[in-house]
Amino acid sequence: MKKHTLVVVAVAVALGMSGCSGTSNVAAGGDSVDSVTIGSIHPLSGSLSGVGGLMNAGAKMAVADINEAGGIESLGGATLVLNEGDSQGKAEIGQSEAQRLISEGAVALIGTYQSDVTQNVASVAERAKVPLVIDVAVDDKILEQGYSYSFRIQPDATSMGASGARSLIAMGEATGTEIDTVAYIHIEGAFGGSVFEAFKTEAEATGITVADEITYSGANFSDATTQVTQALASDPDVIVVTGYFPDNLLIAEAVNALKPDIKAVFGIASGAYDDNSFPAAAGEAASNILSANYHYSATSDRVADIRTRFEAANGESMETASMLSYQAVEVIAAALEESGSVDPEVLRDAISALSLTDPLLEFNGPIEFDENGQNINATVVVMQVQDGAVEQVFPTEIATKEAILPAFSR
Amino acid sequence: MLTTERGRIVLGLFAITVLGIAAVYLFGGKDSNLVTQTVVTGLLLGGVYVLVSLGLTLIFGVLGIVNFAQGAMLAMAMYLVYFMVSSAGINPYLAVVLSAPIMFGFGWLVQSTLMNRLITDVGHSRPLLVTLGLSLLISNTLLMIFGGRPLNVPSPYAGSVQILGAIADVPRIIAFVGAVIVAGGLIVILRKSPLGLAIRAVAANGTGASLVGVNVKRIYAMTFGLGAASVGVAGGLLAPFTSLVPSAGDQFTTLAFVIVVLGGLGSVPGALVGGIFIGLLQTVGSLFLPGSGPLLLVFGMFVLVLFLRPQGLFGANK
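Going line by line, the protein sequences match chains X and U. Just so it is clear: in the first sequence, position 355 is 355 by the working numbering, and no numbers are missing. Just so it is clear: in the second sequence, position 39 is 1039 by the working numbering, and no numbers are missing.
Calculated directly from the structure, the hints in this document are not laboratory data. The beta carbon of each residue, even a glycine, is placed where N, CA and C say it ideally should be. Certain hints may be false.
[As the list claims (entries may be wrong)] Below, simulated DSSO-like cross-link-like pairs (lysine-lysine); rule was C-alpha separation at most 30 Å, straight line:
#	chain 1	residue 1	chain 2	residue 2
1	X	K401	X	K200
2	U	K1192	X	K200
3	X	K259	U	K1217
4	X	K129	X	K60
5	X	K141	X	K200
6	X	K259	X	K60
[As the list claims (entries may be wrong)] Covered stretches of chain U (in silico footprint by chain X; criterion: 3 or more residues with CB under 8 Å from a CB of chain X, positions within the stretch not fixed):
#	region
7	1081–1094
8	1183–1189
9	1217–1227
10	1257–1271
11	1299–1305
Turn these sequences into a full structure, and let the hints guide you.
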């Protein structure tokens, strides 16, 4: 009995050691690896599979583009490999997928679209000392844990709420539209709540009254007429909206049906109002709706080229979330290039020290991360649906069309 | 005897509703136009709930199958209408009429090939697991074919009308009318037709029905088919004001179960009254409670009804 156990242990140790030495060989001879694996985690099935699939396709395209351009030069032209994980939209599945991808040799992770899933994946990444580059996930809390291996490209909820408020005020001043009171409709939960709080603080500091806050449950929402009617009861100048695609679409439709005497519907971090499928889905109701959100750069030729090729390959328009996945792969590739190493810990330091110019999103400057891992130049721009298309309207230097404000003439 | 009891319940519920709404008008401290809007919206939302509950009350009530595929079947019907409208360019309401028999065939097939094999089961677990599997199969097939991006079915009658100063969306009014028509149709089938007689017999006592010569398996298949056809109509009527994703039906599933149990298993009038009541309660409740609060109200009412009348509002005493 004992002998058998001993043999088993000996074999296991031997196997383990050979495994170890194999990995360290790769790491030590960093300049001559054939391929580098990046793990991606997105909701590829379940109710969010639409956007998850697009994000995965964006990451895949980035990998293909980088490989076609010669791979990672400082690693002897090593090619990137994307190992795809499916979170199914669930935090615990995302967590186990992260563990799987890391054990299968991923040197860095990207993902995951949802805040709760990202939170779990970030803790796995931290423990395994593998960097996670968050493409989309808005909750402030994710980076407030003191993690050193998580990085976020997009702005967080608080900064979106605050800069959304500043943009609205600035646009009002620029167009001579008086905005004194707003009513805010948002989805309940951490996402809607934190954006709202940040907006309220910023808006009230400049003398705007937030007359009413109306929340709704995202799990059961099939008619927004009551919520919009309630918002209108406080006679606001503007209705501000935060939420996901289906509910924000319903709100736009309810506003259109009620035809109220307001100056604008202004989305902040809205899942619908700057989505390219929104104008067609909402028809007349989409007209002139404003949206403050992070957005792919509509003024960059590089982005235009990526989007054209993406649409040709996937038959669907490349939305901002998908562009962020592309960007996340580029961030990792740049750090690999910079460090010349496939050791995840070295890679982390390289990402942390990175300054990536020419970002694919309409940001204030190059992608640079602060000590919490937040991209300091991430910001929102304001878009508006005009003639059935989503146009950038503010700030003016990146505008593709002039803003129409007041948005409605009633 | 039964009719008088039913009459009392309907009258009682009606009185509670009217008194409740009157109280909201008088003491709610809300603008009366706002309350009117809420009542109109609530009635229309009730119509939506009725639609999704009708099919379930047949399948759950008569067959005793906890149909987890209800939401997926609803989504399937929506996509069916979307497919007909986008590929053949036909009127979505004509597509609804066409999708009902297709869904009937689907339901009939599911019951006769899958569920009837489990007919001898004492417990609920196997049929329940089969419907769960079916729901995964349907939603992932929809995902494969149509993708997960939200699609929409344009209604030729998009727009809204004024009712007592409140705005009502025309496609939702059509859905409400559709709900009443489907409920009326089902009541006529169940009460007046030989098939309805057989369904009621099987629901009351399967063994007894088979002893007097009713082909129970065939009746089960017809019932599931009828339930699926109702879901088909529901999906089609909901499609013009729903963002179509493969999980679009799921948000209604829990409430549909609540309404079916509240109204009484297998009771079509129960689903009709229960659906409208829940729609009103949820919408008027949202005037006073934020976020998920109105749902809390709905579930509170549900527990109360179960406590006072475990068989549901229109359920038969057992």
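Exercise for review: List in ascending order the numbers of the hints, as given earlier, that are violated by the structure.
Suggested key: 2, 3, 6, 7, 8, 9, 10 and 11
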